[in-house]
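We have chain H already, so just place chain Y on it with the hints.
Number of protein chains: 2
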Amino acid sequence: MALIVQKFGGTSVGDAERLKNVALRIAATYRDDNAVVVAVSAMGRTTDDLIELAKDVTTSSHPREMDMLLTAGERISMALLAMALDDLGVPAVSFTGSQAGILTTAVHGEAEIVDIRADRVKDAIDEGRVVIVAGFQGVDPLSRDVTTLGRGGSDATAVALAAALGADVCEIYTDVDGVFTADPRVVSDAQKLVEISFEEMLEMASAGTGVLMARSVEFGRRYSIPIHVRSSFHDGEGTWVKEKTMEEAIVRGVAHDSSEAKVTIQGLADTPGIAAKVFEPLAIAGVTVDLIVQNVSTEGYTDISFTVPKHQLAKARESSESIVADLGAGGVDVDENIAKVSIVGAGMKTELGIAAKMFRILSDSDINIGMISTSPIRISCIVALDRIEDAVRALHNGFKPALAPQEESL
Amino acid sequence: MALIVQKFGGTSVGDAERLKNVALRIAATYRDDNAVVVAVSAMGRTTDDLIELAKDVTTSSHPREMDMLLTAGERISMALLAMALDDLGVPAVSFTGSQAGILTTAVHGEAEIVDIRADRVKDAIDEGRVVIVAGFQGVDPLSRDVTTLGRGGSDATAVALAAALGADVCEIYTDVDGVFTADPRVVSDAQKLVEISFEEMLEMASAGTGVLMARSVEFGRRYSIPIHVRSSFHDGEGTWVKEKTMEEAIVRGVAHDSSEAKVTIQGLADTPGIAAKVFEPLAIAGVTVDLIVQNVSTEGYTDISFTVPKHQLAKARESSESIVADLGAGGVDVDENIAKVSIVGAGMKTELGIAAKMFRILSDSDINIGMISTSPIRISCIVALDRIEDAVRALHNGFKPALAPQEESL
Numbered sequence: 001m002a003l004i005v006q007k008f009g010g011t012s013v014g015d016a017e018r019l020k021n022v023a024l025r026i027a028a029t030y031r032d033d034n035a036v037v038v039a040v041s042a043m044g045r046t047t048d049d050l051i052e053l054a055k056d057v058t059t060s061s062h063p064r065e066m067d068m069l070l071t072a073g074e075r076i077s078m079a080l081l082a083m084a085l086d087d088l089g090v091p092a093v094s095f096t097g098s099q100a101g102i103l104t105t106a107v108h109g110e111a112e113i114v115d116i117r118a119d120r121v122k123d124a125i126d127e128g129r130v131v132i133v134a135g136f137q138g139v140d141p142l143s144r145d146v147t148t149l150g151r152g153g154s155d156a157t158a159v160a161l162a163a164a165l166g167a168d169v170c171e172i173y174t175d176v177d178g179v180f181t182a183d184p185r186v187v188s189d190a191q192k193l194v195e196i197s198f199e200e201m202l203e204m205a206s207a208g209t210g211v212l213m214a215r216s217v218e219f220g221r222r223y224s225i226p227i228h229v230r231s232s233f234h235d236g237e238g239t240w241v242k243e244k245t246m247e248e249a250i251v252r253g254v255a256h257d258s259s260e261a262k263v264t265i266q267g268l269a270d271t272p273g274i275a276a277k278v279f280e281p282l283a284i285a286g287v288t289v290d291l292i293v294q295n296v297s298t299e300g301y302t303d304i305s306f307t308v309p310k311h312q313l314a315k316a317r318e319s320s321e322s323i324v325a326d327l328g329a330g331g332v333d334v335d336e337n338i339a340k341v342s343i344v345g346a347g348m349k350t351e352l353g354i355a356a357k358m359f360r361i362l363s364d365s366d367i368n369i370g371m372i373s374t375s376p377i378r379i380s381c382i383v384a385l386d387r388i389e390d391a392v393r394a395l396h397n398g399f400k401p402a403l404a405p406q407e408e409s410l
Numbered sequence: 001m002a003l004i005v006q007k008f009g010g011t012s013v014g015d016a017e018r019l020k021n022v023a024l025r026i027a028a029t030y031r032d033d034n035a036v037v038v039a040v041s042a043m044g045r046t047t048d049d050l051i052e053l054a055k056d057v058t059t060s061s062h063p064r065e066m067d068m069l070l071t072a073g074e075r076i077s078m079a080l081l082a083m084a085l086d087d088l089g090v091p092a093v094s095f096t097g098s099q100a101g102i103l104t105t106a107v108h109g110e111a112e113i114v115d116i117r118a119d120r121v122k123d124a125i126d127e128g129r130v131v132i133v134a135g136f137q138g139v140d141p142l143s144r145d146v147t148t149l150g151r152g153g154s155d156a157t158a159v160a161l162a163a164a165l166g167a168d169v170c171e172i173y174t175d176v177d178g179v180f181t182a183d184p185r186v187v188s189d190a191q192k193l194v195e196i197s198f199e200e201m202l203e204m205a206s207a208g209t210g211v212l213m214a215r216s217v218e219f220g221r222r223y224s225i226p227i228h229v230r231s232s233f234h235d236g237e238g239t240w241v242k243e244k245t246m247e248e249a250i251v252r253g254v255a256h257d258s259s260e261a262k263v264t265i266q267g268l269a270d271t272p273g274i275a276a277k278v279f280e281p282l283a284i285a286g287v288t289v290d291l292i293v294q295n296v297s298t299e300g301y302t303d304i305s306f307t308v309p310k311h312q313l314a315k316a317r318e319s320s321e322s323i324v325a326d327l328g329a330g331g332v333d334v335d336e337n338i339a340k341v342s343i344v345g346a347g348m349k350t351e352l353g354i355a356a357k358m359f360r361i362l363s364d365s366d367i368n369i370g371m372i373s374t375s376p377i378r379i380s381c382i383v384a385l386d387r388i389e390d391a392v393r394a395l396h397n398g399f400k401p402a403l404a405p406q407e408e409s410l
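Same order as they appear, the protein sequences are chains H and Y.
When you line the first sequence up against my numbering, it's residues 1 to 410, in that order.
When you line the second sequence up against my numbering, it's residues 1 to 410, in that order.
Every clue listed holds true.
With a cut-off of at most 30 Å between alpha-carbon atoms, the simulated DSSO-like pairs for lysine-lysine come out as follows: (1) Y:55 x H:20; (2) Y:244 x Y:400; (3) Y:400 x Y:192; (4) Y:20 x H:55; (5) H:55 x H:315; (6) H:349 x H:192.
FYI, nobody ran anything at the bench for these hints, they're computed from the structure.
Here the structure is a predicted model, which is why all the values come from computation and not from measurement.
Bound-form chain H, shown alone:
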């Protein structure tokens, strides 16, 4: 008997019919002689509706009460899902994050799972029940207040539960067939990956591949839980995210991200500790900095450029302007018309000339590179927003990302 954790997002349980279909799928897994634990999101637009309702009442921020409010959403979907399973003759029980022992930090709206005390979940499994756990939520053990995990939180719930229970696999059901070598909406011949390593998936997720959030991949990596990203519409195999893949592809995929903007602080005196003086105030202001590039110093002065989410741009600009004033720098320049394209692959660790080939491919397509950032298994370039799709297509065509061989998938 295997222990399988399944995660269904809000779209999968968007209405009564879909929810009953999800119940059928869970029941089939259970009848295949598996123990099944399910993490479920709030139905369809529920969370958005609750946020709207809060906006009718208040214009201020009330993080604790907002979490109390939003966690009503999963409560509804999980109870209904347990009912639907019961109707199929599958004994089921629903637990809130708190009841499932999901302990988190105290940061309302962006809490992180620190531990899972899954005794109740285990007891229910031992009783032969399917356990439905509310995604996206937990409890801060010190204040005993309810918390939410922020965007992609239900994925994190699922993978963390799988880790805590020592599950054989964590299945993430989604509206696409798996992880692709590039966004299929941009690259028509993008292909579904059979498998991808945790490290590669982490880089892909950070580089803009939205199908799986980086934090849930990190959980899977840390506790060696294979993650199967698959379609909620059919039974076909999706993409396995796992420890090691059969073959180290040089380039596993091309990712892109158009959600960021570039900020440049010009004319900084190039003294030791200058980067800290720039980025500490940004961190305190709550700005999430992604890429950072510092230009070579010219006559003792340098420019520092970094990218931030567009929705944090106002905050980033404000912070940067006071940094400029404090440090007597030259000024702040902001560019919203940028996007990031990345190639990701574990094979590039040992392969020379991959970066050079990437720059050449972009250059051959007359695409200027604004910033470059690299990790051992990823190279990212900032390009003009209106050229991003050309860049993705050119790189996908130039590298022809390697699919892991079909017959060696799990």
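For chain Y alone, coordinates are given in the frame of chain H:
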């Protein structure tokens, strides 16, 4: 500094505007140097909407999951109310039934409060906060499952909290001005009672006066918590329900109830234990029997009549038919066209001839009496459904229920 528990029902928090008005009222009480604990119901139609949603998913009964589902409703209203108070500069915190330590029996949908461990509520009061507690819900300490209290549950939450906290008063806010000497929709000169004793209010509630549920009155009586039933639309005094009233009115009020039907089992052999043989199977079938009348035995045979809620009539008829078969009785007769009219007053304990006067008044109005039932402070008659309003008016006019004197109210 007084400690005041306030209860607001679903209509009072029906939308964002009303909810903000409720917050203003709570804030005013808090600023009058009171500690305030609030029990709140789900917003407007939320509970009904959730029940509808469950009907889309399942046609079976899932008591545990239904409670999980329905408790989402108060979670939403209480979080929003805490936000609205915070916006008014009043520190507030919301607690679920479980967080507020409301321990109940395990009967999902109809749980009863057995204890309140209000440590978290007390701590929050000590921190100067207004505490918003979810009405209608609690937790079974053995299974640690969420429960709901059934109809009128939020009133029970409020009064039980008031008892546990040793509150000075429990204020029940409602859409009427208080408890009236009769239903003002039936009797145009019905008057608002200034005060009424717990015993009288219990009889009035059981006899059909819907403004306060019997179980919450019982809590108030047991723990001597004065209950102030008052309007959520204005600041005027409502009705005080309390230990003793200034004056024992002979008749405090006239109550009526059109929600019941009468069942008669005919031709029962009048042997010892026959009543038990009739009512045990009904209890097992979950039928709530109200009035019971056994006729005088004729030639060793008797009839037993009883009233049940109309919505339980099918169940009651089925049960009764098997009782008839088991006991070899004559048959079952069912009458849905009945209603109950009652007069209630502590003064009738010591006053002779009240029942006779009641029967005379009904007789003078040509109203037939089908069944009679009495308690020390109440007399109820079953009459034809189409004469119930005439009966209420005639009795209200004949007895002119005594209002407690205005100047002696609290």
